[in-house]
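S.K.: Listed below, chain by chain, are the residues.
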Amino acid sequence: MRTFIANRLALFGAAITAFVLLAVMVGPWLSPYSPTEADFLALLAPPSLAHPFGTDSFGRDVLTRILYGARVSLSVSVAGVLMAALLGGSAGLISAYAGGWTSAILMRIADLLFSFPSFVLALFLMVVLGFGVTNIAASIALIYFPLFARLSRNMALVVKEEPWVQAAQLMGQSTFSILGREILPNIAAPLFVQIALGIAFGIVIEAGLSFLGLGVQPPDPSLGTIMADGREYFQRAPWVLTLSGVAISIALLGLNLLSDGIRDVMDPKLRARL
Amino acid sequence: MSASALMQVVNLRTAFAVGNERVEAVRGVSFSIAPGEVLGLIGESGSGKTVTGLSLLRLLPPHASVTADAMHFRGRDLTRLSDQQFRSLQGIQLAMIFQDPVGSFNPAKTVAWHLRHAIARRRACAGDDGISWREEAQRILQDVGIRLPERALGSYPHQLSGGMLQRVLIAIIMALRPAFIIADEPTTNLDNLVERQILDLIREQQKKLGASVLFVTHDLAVAGEICDRIAVMYAGEIVEIGPSHDVLQRPRHPYAQGLLQTSVSLVRRDEYLYELRGEPGGRGAAEGCGFVERCPVAMAMCRSRRPSLVDVGPGHTSRCLLHEQ
Amino acid sequence: MSSEQRTDVTAATLRVRDLTLDFAPAQRFGAARPLRALDCVSLDIGAGEIVGLVGESGSGKTTLGKTILGALRPTSGRILYQGNDLATLPPRRWGQLRRDLQMIFQDPLSSFNPRFTIESSLSLPLRLHGICPKERVSAEVAALLKRVGLGPEHARRYPHELSGGQLQRVAVARAISVKPRIVVADEPVSKLDVSVRAQVLNLLKRMNRETGVSLVFITHDLGVARFLCDRIAVMYFGRIVEIGATEQVFSDPRHPYTVSLLRARSAAPGAVVTDADEIRFEVADPAHACNYAPRCGRRIPACAQQRPPLAAQDHTHAAACLVPIATACAEPHQPIHPRTA
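Going down the list, the sequences are from chains A, B and C. Sequential numbering of the first sequence, starting at 9, is according to this note's numbering. Sequential numbering of the second sequence, starting at 22, is according to this note's numbering. Sequential numbering of the third sequence, starting at 195, is according to this note's numbering.
Isolated chain A, as found in the complex (with noise of 0.2 Å):
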């Protein structure tokens, strides 16, 4: 813990990424407009203290619908992501520790997925599953999940021949809590700093999908959304694009920051002592 709070740039990152998750989660409540009805009043209006980053096309307030717009952004992330982690985690895991036709259906599975570079993946997932939502979660769960099965399967395969590992079996400890005990707790961190790295994919996956419309569908904002909206009118009302494009920005530095920060606290236990 220490370590971590030592390391600034990832103290920033962790700071980022809490006020974006705080915005994110308090300011829909806070704010006073309606991310999806039109005020044919003020439309495409400049930044303003009435609207701080502005209005789009339909006169809705920008800010408001970046707040909203990540919300979804980020759950859908966060969803897709933490499945990911979990059902590719355990398939490495028992593939690891099972060996054997286990192992390789489940490789060859997470191969299969991984020969797909991760966009073109999740253009044909929503065409198959069809859009919204959801389906998108499902597509980055499964874009993914070879991630964590690779990751975890070649980290358990090192945890499993330490002598501690062979202690619990010697022991008579049940395969269930040799997986759970033993093994998980020391090949967590890695996953943990590919969580948060996911997540800021993830929402890069999920606004490009939408951006293409075949995500999110409008009225209901989304990062994507927005930006397909703002690339439009760009030369009337550039601040659209642009302030919706800092947003994912800023998103994704504080998740990369924080990922490095988790990865370097982690690093120097590995490191052996002079």
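Just so you know, these hints were derived from the structure itself, not from any lab. Note that this is a predicted model, so its numbers are computed, not measured. The C-beta atom is built at its ideal place from N, Cα and C for all residues, glycine as well. Every clue listed holds true.
In the SDA-like style, the derived pairs of lysine to any residue whose C-alpha atoms are separated by at most 20 Å in a straight line are: (1) K385/C / F119/B; (2) K373/C / Q174/A; (3) K399/C / R289/B; (4) K168/A / A106/A; (5) K260/C / V167/A; (6) K385/C / T209/B; (7) K168/A / Q300/C; (8) K328/C / S185/A; (9) K385/C / G183/B; (10) K385/C / E65/B; (11) K385/C / D240/B; (12) K399/C / R298/B; (13) K385/C / D121/B; (14) K399/C / D291/B; (15) K168/A / G264/C; (16) K399/C / V285/B; (17) K385/C / R298/B; (18) K168/A / L266/C; (19) K260/C / P171/A; (20) K260/C / D301/C; (21) K373/C / Q177/A.
With the C-beta cut set under 8 Å, the calculated list includes, among others, these residues of chain A facing chain C: (22) E170; (23) P171; (24) W172; (25) Q174; (26) Q177; (27) L178; (28) M179; (29) E190; (30) N194.
Using the hints, position chains B and C against chain A.
M.R.: Quick look at chains B and C alone, frame taken from chain A:
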């Protein structure tokens, strides 16, 4: 400290910056080694024995600070040399045999490559003897007991066993004909029989070259065989130093005595072994004796007064307040 | 078979018979042959006795220890214990037997899960095997720590906060907490500092004397083996080459390899009668020969033609050699003690 010493070290101090702390691994070590002499450095983990060797050869990472009142090699003050000047000595006149031979080799290169470079390096300074490097390499390998030098030359490090690698390493070092060798636990990782052979080899080569050796080990028996003089280290200091026979058979410092007692009770097959209580590796206390926590004969003043080395025999000193009684 | 052990068969707690273990071949050029780690090994472990498995690396001593515990599956052979053959017993049938056979590992730090406290690591086996009621577990942990010479404050610590010697004592505590019949200790002191080894060795001896647990002590250090063990089995590349009461093996060694090992620790230089070690990619010896012959100064033609059986030299002493060292005073044995040249 004699003027004819090959290597003379006075008050060596090595500290590491660990986080916000400063940890002193070596706290004022002094010794001298005559030409052709083997000095043993005995200690356990935390004693500072390995760091001492690494400090002499400037092999420590940048966050280590090494200071000494004097570090004289063949009359030259090593502390005054720049890194570049020191590098011209490293490996040629000052050599090191590491505990794990594997790390000393480039795994992608054959033994021949390593030997060729070593020989070339020496020849750059000292000229050749008129024979090809390959001939010289074969001769050296045979010298260290490798019957089929051609085969060894063509091998990669991973194809050789630990014992063989250690032999080759010794061969490479001998190719450089150094004047001073630090051997850091060179046989600890080896099996019993191989250990015996390598020890014999080291002794034989050392006599041949007339090199001085600083032999770092935790094994009393090994030290007893190969060393002329022995220094026992504890918590970063030398606590006893003297002729090998005296230090091992009639140690004066309670720590050395404890080690001997354990060894003796082992040989005698007592029902239970003599035990020294506590653990080594404690940071030497700022005040008082570094051994006080484990010392079976500690007195009250041992916590507040730090002992210095006092004479306890011809060429034999020990660091204990008991001697000053 | 009967020539190997003259101990009273009913007293033997665990009997190993003709145990062979082959490891699948590594991906090496031209080496299609599996690695034979154990080659037809037979051994008895009696109740309350300390048996030493002595040898160098590659001798198979660790493999034998792990196979006895069921951590490795042998290729063939039997391990007879309480009416079961552990070599072929399926994992789910082990049940209570797991309590009886425990292990102490060479590196204490990696034998404990770094994420859990000592308390947690010690209470798990107690709860798992119902050694004591739940309310008493904490007290039992403290009592165990006390028995191995540690205070209750150590329970709260994490493995990396303890020293090697302390951790190894916790390992002993863990092993005996389930009241085992046999404990296999795999080089338990070789990674510890010299001044700490005595503590752990004394502890092991005390445990054996107080609880009567049998100990299989694996080591390459002959001096330590001599101190601790009642009987010693000398191993060389998967085979037991000599076995007998400790004092007999030390004062009256019969196998040339044993003699070499003993001389290696003596003060006399050049005493070892072997060739320089071969380069690793030499082919291993075939099954029908003495595997020590290539390095042996006493070999005769017959040594290359048959595998020498473990022949009885005496009631409790056997050696696998066609030309064993016959006389009782092979060499005035040098003490294992620091001597100057």
